[in-house]
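Colleague: Spelled out, the chains give:
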Amino acid sequence: MKKLIAILLTGILVSILLVGVYDLPKFGRADNPVNNEVAQRYLKKGVKDTGALNIVTGIILDYRAFDTFGEAVVLFTAAVAVLVVLKREDS
Amino acid sequence: MYIRSFPLVAILILLVSAFVMPMIKKRSIVKGLSLVSMGISSILALITLVYVKENGSFIYRIGHWDAPWGIEFQIGIIEAMMGFLFTSVAALIIWYSIYSIHKEIKDNRVVFYYLLVNILIGALLGIVFSNDLFNSFVFMELSTLASCGIIVVKDKKENIKATLKYLVLSTLGSGLVLMGIAFLYSITGHLNMTFAHREIVKVYADYGQTVLITLGLFTVGLGVKSAMFPLHTWLPDAHSSAPSSSSALLSALVLKGFVLLLVKILYRVFGTEIINQFPILNLILISF
Amino acid sequence: MEMLFTKYFEVGSMVLFGVGFMTLLLHNNLIKKIIGMNIMDTAVFLFFIAKGYIDGREAPIVRGFHKGVEAYVNPVPAALMLTGIVIAVSVTAFALALTVKIYEKYGTIELDEIMKMRGD
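Quick note, the sequences are listed as chains A, B and C, same order.
Just so you know, we're using our numbering here: the first sequence kicks off at 1 and counts up by one.
Just so you know, we're using our numbering here: the second sequence kicks off at 1 and counts up by one.
Just so you know, we're using our numbering here: the third sequence kicks off at 1 and counts up by one.
Hints are computed from structural coordinates only; laboratory data are not their basis.
Mixed in with the good hints there might be a few duds.
Stated by the list, open to error - When the alpha-carbon atoms are kept at most 30 Å apart in a straight line, the in silico DSSO-like pairs for lysine-lysine are as follows:
#	chain 1	residue 1	chain 2	residue 2
1	C	Lys67	A	Lys26
2	B	Lys202	A	Lys87
3	C	Lys67	B	Lys154
4	B	Lys165	C	Lys32
5	B	Lys106	A	Lys87
6	C	Lys67	B	Lys156
7	B	Lys157	A	Lys48
8	A	Lys3	C	Lys116
9	B	Lys106	B	Lys25
10	A	Lys3	B	Lys103
11	A	Lys87	B	Lys31
12	B	Lys156	B	Lys202
13	B	Lys156	C	Lys105
14	B	Lys256	B	Lys53
15	A	Lys44	B	Lys202
16	B	Lys165	C	Lys67
17	B	Lys202	B	Lys154
18	B	Lys106	B	Lys154
19	C	Lys101	B	Lys202
20	A	Lys87	B	Lys157
21	A	Lys87	C	Lys32
22	A	Lys2	C	Lys67
23	C	Lys32	B	Lys156
24	A	Lys3	C	Lys67
25	C	Lys67	A	Lys48
26	A	Lys87	B	Lys53
27	B	Lys103	A	Lys87
28	B	Lys156	C	Lys116
29	B	Lys103	B	Lys256
30	B	Lys165	B	Lys103
31	C	Lys67	B	Lys157
32	A	Lys45	C	Lys67
33	C	Lys105	B	Lys165
34	B	Lys154	B	Lys53
35	C	Lys67	B	Lys106
36	B	Lys157	A	Lys44
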């Protein structure tokens, strides 16, 4: 019974998501809405703006550096949380 | 105008003071540092609120990149108000917990408790102020990890079970939210909320199904995190087994941060003319 | 049906999401649940990364000289998913630590047996 509900739920979820995918723009085209002026500017001026030859590095460490700061805090928090969970009583 | 950088400074004070805490040996200094940093950031939030009330909402760029390329904060009246509410309530809860925390938590975990509380409030302020979808997602995960941490800090059997339940369900929720961000990004090409709204108004006639599914993904994902009615199953265990001051933080602040994010996504990204076409508000508010 | 051939990355990632969700629902073992969680996250990452691909272009790394905007794929999804992967790793580490602690306290990691042990 539980298995049947799980399979049904997953089927509904996947089919809803596939309907969403069906409407999306075609895969791998250069004129998709994703490739708009934001990505163009990163590619065009990224090397001059940030000095990084790898443009992905330029984005994560300069244009969107606050995201990377948040990511570092997430790692720190996870380390502290693991320490809280696994700390022995006697120490 | 340097008052405009106060929201970022409030977040940075909380997070940087959290980084310093593990190096301090004396527990009383850690308690004092947590209370003082929370007090300072609540004063900064109050100044921001007064400033916003006088001069209207403003946009603050983080780094020096303009809006669609970099990350920005948008602070209007509701963000300033929620920021002041979060920091001041958290300061009062920390003041209470200084005198009562040793009854519930073992001594060697007290430092980590205050560290996690500081990170939690900083992450909530990040959710409240940020005008960027992916940046909100990062702070959402940060606040989930920190709130799991302040539940499990009591180290009882039920706590660990409740925390695992909360963690698994909220990971499911954040997976759905990230999927929603991916759908939204693929039809608009922007992550900034203002620009995504500008773009989605133009194209939503072409992608009717996708817009509806994206709305559903955001609502269910943030609904799991903020314990809306049919998705609340993790809440009773987690809140009842947590230490009393954590429970106050969780039920007063954490859930409201996610509700505010949902409000921002519904009204700032999609806008009233799109959400009026779908029955999404009736579902959330149970008003048929 | 022709979607299967034109959008195979998206369809594949949605099916992978379903696999992860089913693993999360069906299994009682906590480690398997965590594996399901990870499969689900990976599916979302694959979906997001697939948004950046453009036919016939190369990775956004400048070697020697800049070949112009038309030569490189979209770098934004890759940059975002680097952050996303670190977050997923952190959550997995925390969940595994909780599982270790649950095994210490309850002596089992089967969820239905844990749920039976009410009280105490």
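Colleague: If a hint holds in the structure, say so; if it doesn't, say that too.
Modeller: Okay, the hints, checked on the actual structure:
Straight-line distance between C-alpha atoms of Lys67(C) and Lys26(A) comes to about 25 Å, which keeps the hinted pair within the 30 Å bound. Simply put, Lys202(B) and Lys87(A) have alpha-carbon atoms about 54 Å apart, too far for the 30 Å limit, and the pair is violated. Restraint check for Lys67(C) and Lys154(B): the C-alpha separation of about 58 Å exceeds 30 Å, so the hint is violated. In summary, the hint linking Lys165(B) to Lys32(C) is supported, as the alpha carbons are separated by about 14 Å, within the 30 Å threshold.
Restraint check: the Cα-Cα separation between Lys106(B) and Lys87(A) comes to about 11 Å, which is no more than 30 Å; the hinted pair holds. Distance check on the hinted pair: Lys67(C) and Lys156(B) sit about 60 Å apart at the alpha-carbon level, beyond 30 Å; violated. Proximity of Lys157(B) to Lys48(A) is assessed by CA-CA distance (about 56 Å); at most 30 Å being required, the pair is judged violated. For the hint linking Lys3(A) to Lys116(C), the alpha-carbon distance of about 19 Å falls within 30 Å, and the restraint holds.
Using a Cα cut-off of 30 Å, the hinted pair Lys106(B) and Lys25(B) holds, with the two alpha carbons roughly 15 Å apart. Proposed proximity of Lys3(A) and Lys103(B) is contradicted: the alpha carbons are some 44 Å apart, above 30 Å. Between Lys87(A) and Lys31(B) the CA atoms are separated by roughly 20 Å; this keeps the pair inside 30 Å, and the hint holds. Among the hinted pairs, Lys156(B) with Lys202(B) is inconsistent with the structure: their alpha-carbon atoms are about 53 Å apart, more than 30 Å.
At roughly 9 Å between alpha-carbon atoms, Lys156(B) and Lys105(C) fall within 30 Å of each other, so this suggested pair holds. Annotation: proposed proximity of Lys256(B) to Lys53(B) holds, straight-line Cα distance about 22 Å (limit 30 Å). As the CA atoms of Lys44(A) and Lys202(B) are separated by approximately 26 Å, the hinted pair is consistent with the 30 Å bound. With a C-alpha separation of about 50 Å, the suggested pairing of Lys165(B) with Lys67(C) is violated against the 30 Å cut-off.
With a C-alpha separation of about 51 Å, the suggested pair Lys202(B) and Lys154(B) falls outside the 30 Å cut-off, and the hint is violated. Only pairs whose Cα atoms come within 30 Å are accepted, and Lys106(B) paired with Lys154(B) is accepted, the gap being roughly 8 Å. Restraint check for Lys101(C) and Lys202(B): not satisfied, since their Cα atoms lie roughly 52 Å apart, outside the 30 Å limit. Between Lys87(A) and Lys157(B), the direct Cα distance comes to roughly 15 Å. Compliance with the 30 Å bound is thereby established for this hinted pair.
Taking the CA atoms of Lys87(A) and Lys32(C), the gap is near 25 Å; set against the 30 Å cutoff, the hint holds. Restraint check: the Cα-Cα separation between Lys2(A) and Lys67(C) comes to about 56 Å, which exceeds 30 Å; the hinted pair is violated. In summary, the hint linking Lys32(C) to Lys156(B) is supported, as the alpha carbons are separated by about 24 Å, within the 30 Å threshold. For the hint pairing Lys3(A) with Lys67(C), the CA-to-CA distance comes to about 54 Å; that exceeds 30 Å, so the pair is violated.
Between Lys67(C) and Lys48(A) the alpha-carbon distance is near 14 Å, which keeps this suggested pair within the 30 Å criterion. The straight-line distance between the Cα atoms of Lys87(A) and Lys53(B) is roughly 47 Å, outside the 30 Å bound, and the hint therefore fails. Between Lys103(B) and Lys87(A), the direct Cα distance comes to roughly 19 Å. Compliance with the 30 Å bound is thereby established for this hinted pair. With a C-alpha separation of about 17 Å, the suggested pairing of Lys156(B) with Lys116(C) holds against the 30 Å cut-off.
Taken as a hint, the Lys103(B) and Lys256(B) pair is honoured in the structure, with Cα atoms around 28 Å apart against an allowance of 30 Å. Taking the CA atoms of Lys165(B) and Lys103(B), the gap is near 25 Å; set against the 30 Å cutoff, the hint holds. Between Lys67(C) and Lys157(B) the alpha-carbon distance is near 60 Å, which puts this suggested pair outside the 30 Å criterion. This hinted pair checks out: Lys45(A) and Lys67(C) have alpha carbons roughly 12 Å apart, not beyond 30 Å.
Taking the CA atoms of Lys105(C) and Lys165(B), the gap is near 16 Å; set against the 30 Å cutoff, the hint holds. Simply put, Lys154(B) and Lys53(B) have alpha-carbon atoms about 41 Å apart, too far for the 30 Å limit, and the pair is violated. Pair hint Lys67(C) plus Lys106(B) does not hold up; C-alpha atoms about 61 Å apart against a cutoff of 30 Å. With a C-alpha separation of about 56 Å, the suggested pairing of Lys157(B) with Lys44(A) is violated against the 30 Å cut-off.
Checked against the numbered hints listed earlier, the structure breaks hints 2, 3, 6, 7, 10, 12, 16, 17, 19, 22, 24, 26, 31, 34, 35, 36; every other hint is satisfied.
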